[in-house]
Amino acid sequence: MKQIFALLSGLVFGFGLIISGMSDPAKVLNFLDLFGTWDPSLAFVMGGAIAVTAPGFFWLTRQRNQPFFHTQFHIPTRTDVDPKLLSGAAIFGVGWGLGGFCPGPALTALPIGASGTLIFVPFMLVGMWLARNTPDLGRSKQEGAPS
Amino acid sequence: METEFTPWLSLGGGMLIGASAVLLMATNGRIAGISGLTSSIFASSTKGEARGVSALFVLGLLLAAPIWMLVSGSWPQQWVPSSPLLMTVAGLLVGFGATYGNGCTSGHGVCGISRGSARSILATITFMTTAFLTVLVARHVIGA
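In order, the protein sequences belong to chains A and B.
For what it's worth, our numbering labels the leading residue of the first sequence as 1, then goes sequentially.
For what it's worth, our numbering labels the leading residue of the second sequence as 148, then goes sequentially.
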């Protein structure tokens, strides 16, 4: 069952990205262009998503001790703000502003087959692989990598 | 290039994204963070079952547009930057940055903020800021 729901979740996520316009880099770049052809639509995407997710997570974690088809909720527990978090986020934002794609929309748009997407996605995967294999310079080795 | 302001479609699509995040948490106990799920597929530390769940979620993402095409008869409207160099650099930075910073728009921006995580709120403010600045420079400083 958990596998079926994982697939279904991905599908619903993809439809959400398509309907919301988030899988169209033109809309993303215009959202980020405050002083040009600004399109505020994406604020509504994030607002709508949080309006469902926040009460959903709140209700789930209080009503249940575990998910329906798994033994535990895998919820991040770290609370420290480290250089890795902020430098990663800063780098990610630059790439997002250049291409208009973040990971979800890029994967969703991949089958549409635009040349820019066909270049972006493989290099995104390379970037992910590099980050997974880059030691965290700010932390000692024993602490291990977070999820 | 101007794009149409679509508050209702964007709100509805956003709520679907939220529903997906809640569904994945309710059934699998996982955060619907796309960079985390995707990179975990090829991380050596990932256990077999978690890898399968991540791969199936990503497969669902990949199937959305083709199903959309079959039902509606046309691909979703989009315009993608075509410069190979730009998209190479953008892809590398997005993949590396999102994974190194433990999350992207979905993991930090949607799920993390929804949990009230200070880390995610700071990460979101950081990547929104650098993204705004990047477009500002690309379109109004260099492109002006």
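No wet-lab data here; the hints were simulated from the structure.
Just so it is clear, the structure is predicted and the values come from calculations on it, not from any experiment.
Virtual Cβ for every residue (Gly too), placed ideally from N, Cα, C.
Among the hints, erroneous ones may be present.
Derived coverage of chain B by chain A (criterion: at least 3 residues anywhere in the stretch with Cβ under 8 angstroms from a Cβ of chain A; other residues may be distant) [unchecked claim]: (1) 158-167; (2) 194-205; (3) 218-224; (4) 229-237; (5) 269-283.
Derived CB-CB ranges, DEER-like [unchecked claim]: (6) B:GLY220 <-> A:ILE75: 18 to 26 angstroms; (7) A:HIS74 <-> B:ILE289: 22 to 30 angstroms; (8) A:GLN63 <-> B:VAL284: 40 to 48 angstroms; (9) B:HIS287 <-> A:SER87: 19 to 27 angstroms; (10) A:PRO135 <-> B:PRO154: 40 to 48 angstroms; (11) B:SER191 <-> A:PHE69: 45 to 53 angstroms; (12) A:ASP82 <-> B:GLY220: 33 to 41 angstroms; (13) B:HIS287 <-> A:THR134: 31 to 39 angstroms; (14) A:HIS74 <-> B:SER191: 17 to 25 angstroms; (15) A:GLN66 <-> B:PHE152: 40 to 48 angstroms; (16) B:GLU151 <-> A:ASP136: 23 to 31 angstroms.
Here are a few chain B residues that face chain A, going by a calculated C-beta distance under 7 angstroms [said to hold, decoys possible]: (17) THR153; (18) LEU171; (19) MET172; (20) THR174; (21) ASN175; (22) ARG177; (23) ALA212; (24) PHE243; (25) GLY244; (26) THR246; (27) TYR247; (28) ARG266; (29) VAL288; (30) GLY290.
Status of each hint after checking the structure:
1. 158-167: With 10 residues in contact (Cβ-Cβ under 8 angstroms with chain A), the coverage given for the segment 158-167 of chain B holds.
2. 194-205: Three-residue rule met by the segment 194-205 of chain B, so holds; n is 6.
3. 218-224: This one holds; 3 residues, not fewer than the three required, reach chain A with a Cβ under 8 angstroms.
4. 229-237: holds (count 8)
5. 269-283: holds (count 14)
6. B:GLY220 <-> A:ILE75: 18 to 26 angstroms: 41 angstroms, violated
7. A:HIS74 <-> B:ILE289: 22 to 30 angstroms: 42 angstroms, violated
8. A:GLN63 <-> B:VAL284: 40 to 48 angstroms: Once the Cβ atoms are compared, 47 angstroms apart, the range 40 to 48 angstroms for VAL284 (chain B) and GLN63 (chain A) holds.
9. B:HIS287 <-> A:SER87: 19 to 27 angstroms: For SER87 (chain A) against HIS287 (chain B), whose Cβ atoms are near 25 angstroms apart, the range 19 to 27 angstroms holds.
10. A:PRO135 <-> B:PRO154: 40 to 48 angstroms: 44 angstroms, holds
11. B:SER191 <-> A:PHE69: 45 to 53 angstroms: 25 angstroms, violated
12. A:ASP82 <-> B:GLY220: 33 to 41 angstroms: 49 angstroms, violated
13. B:HIS287 <-> A:THR134: 31 to 39 angstroms: 33 angstroms, holds
14. A:HIS74 <-> B:SER191: 17 to 25 angstroms: Holds: the Cβ-Cβ distance is about 18 angstroms, inside 17 to 25 angstroms.
15. A:GLN66 <-> B:PHE152: 40 to 48 angstroms: Between GLN66 (chain A) and PHE152 (chain B), where Cβ atoms are some 42 angstroms apart, the hint holds.
16. B:GLU151 <-> A:ASP136: 23 to 31 angstroms: Since GLU151 (chain B) and ASP136 (chain A) have Cβ atoms about 43 angstroms apart, the given range 23 to 31 angstroms is violated.
17. THR153: 5 angstroms, holds
18. LEU171: 4 angstroms, holds
19. MET172: For MET172 (chain B), the interface hint holds, since the closest Cβ of chain A sits about 6 angstroms away, which is under 7 angstroms.
20. THR174: With Cβ-Cβ at 4 angstroms, under 7 angstroms, it holds.
21. ASN175: Holds: closest Cβ of chain A sits about 5 angstroms from ASN175 (chain B), inside 7 angstroms.
22. ARG177: Nearest chain A Cβ about 6 angstroms off; hint holds.
23. ALA212: Where the cut-off is 7 angstroms and the nearest Cβ of chain A is about 5 angstroms from ALA212 (chain B), the hint holds.
24. PHE243: 4 angstroms, holds
25. GLY244: 3 angstroms, holds
26. THR246: Holds, because the Cβ-Cβ distance from THR246 (chain B) to chain A comes to roughly 4 angstroms (cut-off 7 angstroms).
27. TYR247: This hint holds: TYR247 (chain B) lies near chain A, its Cβ roughly 4 angstroms from the closest one there, short of 7 angstroms.
28. ARG266: Constraint on ARG266 (chain B) satisfied, holds at 6 angstroms.
29. VAL288: 11 angstroms, violated
30. GLY290: Violated, about 9 angstroms.
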